[in-house]
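Visitor: Model the full structure from these sequences, guided by the hints.
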Amino acid sequence: MRASLHLIKKEILLLMRDWHALVLLFVMPAAFILIMSLALQNRFSAQSGVHIGYYLLNRDTGAVDVALLKGLRAMHGFRALPTTASQRELEAQVRGGKPRFVLIVPPGFGESLASDTPVPLRIMATPDVFPAVYRLFQSSVREVLAKVYLKQALNALARQSKGELPSGSIDMDRVNKLLVSQSLYSPGGKGRFPSSVQQNVPAWLLFAMFFIAIPLSTTWVREREQGTYMRLRSMGLGMPTLLFGKLVPYIGLNLLQVISMLLIGVFVVPWFGGNTLTLGHSWPALILMAAVASFAAVAYALLVANLVTTSEQATIFTGVANLLMAALGGIMVPRFVMPQTLQAVSHYSPMAWGLDGFLDVFLRDGGVSMVAGSALKLFAFGGACLVMTGLYMGWRRGKH
Amino acid sequence: MRGKALGAVIHVERLSFRYPGSTCDALRELSLDIEKGSLFGLLGPNGSGKTTLISLLMGLLTPGSGCIDIAQEGVSTRAALVPQDNAFYDCLSVLENLHFFAGVQGIRQSERIAAVIDTADLGAFRHTRAQRLSGGLKRRLNLAIGLLGEPHLLFLDEPTVGIDPQSRHFILEAIKRINAAGTTVVYSSHYMEEVQALCDEVGILDRGRFLARGNLHTLLGGDRGGQLSMGLDRAPDPALREALSHLAQCSDKQLKQLFALLSGTDVSVDRVRYGHADLEALFMHLTGHQLRD
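Protein sequence lines, in the order shown, are assigned to chains A and B. Each residue of the first sequence is one higher than the last, beginning at 1 in our numbering. Each residue of the second sequence is one higher than the last, beginning at 1001 in our numbering.
Hints are computed from structural coordinates only; laboratory data are not their basis. Do not take every clue at face value.
Partial list, derived from the structure: chain B residues whose beta carbon lies under 8 angstroms from chain A [stated by the list, open to error]:
1. D1085
2. F1100
3. V1104
Glycine included, C-beta positions come from ideal geometry on N, C-alpha and C.
Guide: As structure tokens, then:
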């Protein structure tokens, strides 16, 4: 035990003097969380009134329905920009990405609405627009068109039947009243949707935690190259003591990382104009998830540190492997949008287990029982990594 | 099974080892006895098995076959290793390194640390970070760490590589003092003159086997393929010198030619010596001149 304490103390001293590692472990993830949370804020808060601008060019000098223009100008999530430019100029601007769309009401559109050969509205989109945003814009325009067309058709029907439709009987806004949507996001209060910081922090937190593998593996490789590892073994320190001496300080460091990133979500992101991170209501579940995720990340790092032979290998391998695990685990792309085969594979990604657990805490207000499954999987993964590390170290000693 | 020699602190018998994944043995049927209090020189080209042997003796590797007995009169011996590399932490100071390595061994720190600082003459550099030490100081710190546990048996793996003559002299003198105080030293090196100056027993290892082993003076004066050196009473004239230069390898026939040449001149032989002139000559003779790396 005394040897372990000295190993832990040494590791802390080394880490405190390795500024590069500290920058990598604390400053970079902090900056990442801050930037990503703010950058994605608009995307996540579409329901709360942030608008994507578009040009509305009305070239119909005839009797275009006032309701149509009013509806287009009131589309949720989009804002019609005033313009006096020509169609050609607008096209050039949209091609350049400013703004994302131009919607052209062609000459004679209003007249043709009830005819057999209608003149269609035209949407032109910037090449780099997200397909989801494009479809949302298209659907919003269709919804306005449908309302206008339906109202016009019903009025025509009423005229044909020589009677007026009863006043107020065609209230198109009633459609909106027939649909109530509610997010089941718990900590933020009923009906509210989770903010970008709430949805992002768990993912980036986990991503950063697994980056502990870089400083740990490079330190271990350096110890092996310099002969300190051999010297410690020659002083009678067994494999479990050496592993314990790495595991404890690095788990501590990892937990400090977690605390710092959560504090950034709670205090720093709002200071820059973003939303505040809500930590859920179950501290035990959050602590459990942080502890097992740390254990898994550090145990994985120890395995990598033993498998690689040079510092360069350690840096490249851990960097690329983390990106792959993150991609597979739903950190970068939500798993539900992946193809079925990839979704099936993603069930075996430790980052996916970690993300599930953290999302349970942050978005579903989950307690210990809810995160137990994810925690158990991460713990088993960490245990398996340690066992493999032990077996590999034993094998390298010449034990068969 | 051959018994352990009386007074031997290291007894190795028919020791073999092969690294996982390798197709040939790193050590083959190696036997060795090292006496208590001796200073044993372990020589061999790169890849000959020196570090493997030391690792096996330190228990860092597990033998494939054979046995290793490191004990003095049945009591296990405190052994320490000074590795070939500067095996300490660059970011820690001299004192922090010594505290750490003492701590992990459960050594009462202050007294021993003061003693090894004194032995390695590191007093002025206690608070200097290891990365800022010169090559010679780093070697001295490396040695000091090895001495923390007051070892009965000290393995030194090339402890003077890459340092200036003054530091080398200091380290060699320190090793002599450590040995004189009763510590058995196994000294592995490529520097033949160091081994020749320090050691009384040597073992020349190549391709996992001892090519020669025993008392240094016996080996240098031995009768296996040595050098014949002759002293002439005066400098030979250019014609004789030219003729002699063609006689680098003396077969029986050439030896006759040599004496015939000399008998036709007024130069006479005033001394003849047979044996190896120095350890390097013996080493090169036994291990060959081919490059190993």
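Visitor: Is the interface hint satisfied for B:D1085? The criterion is a beta-carbon contact with chain A at less than 8 angstroms.
Guide: holds (4 angstroms)
Visitor: Classify the hint on B:V1104 as holds or violated, based on whether any CB of chain A lies nearer than 8 angstroms to its CB.
Guide: holds (4 angstroms)
Visitor: Does B:F1100 meet its interface restraint, that is, does its C-beta lie within less than 8 angstroms of any C-beta in chain A?
Guide: holds (5 angstroms)
In terms of the numbered hints stated before, the structure departs from none.
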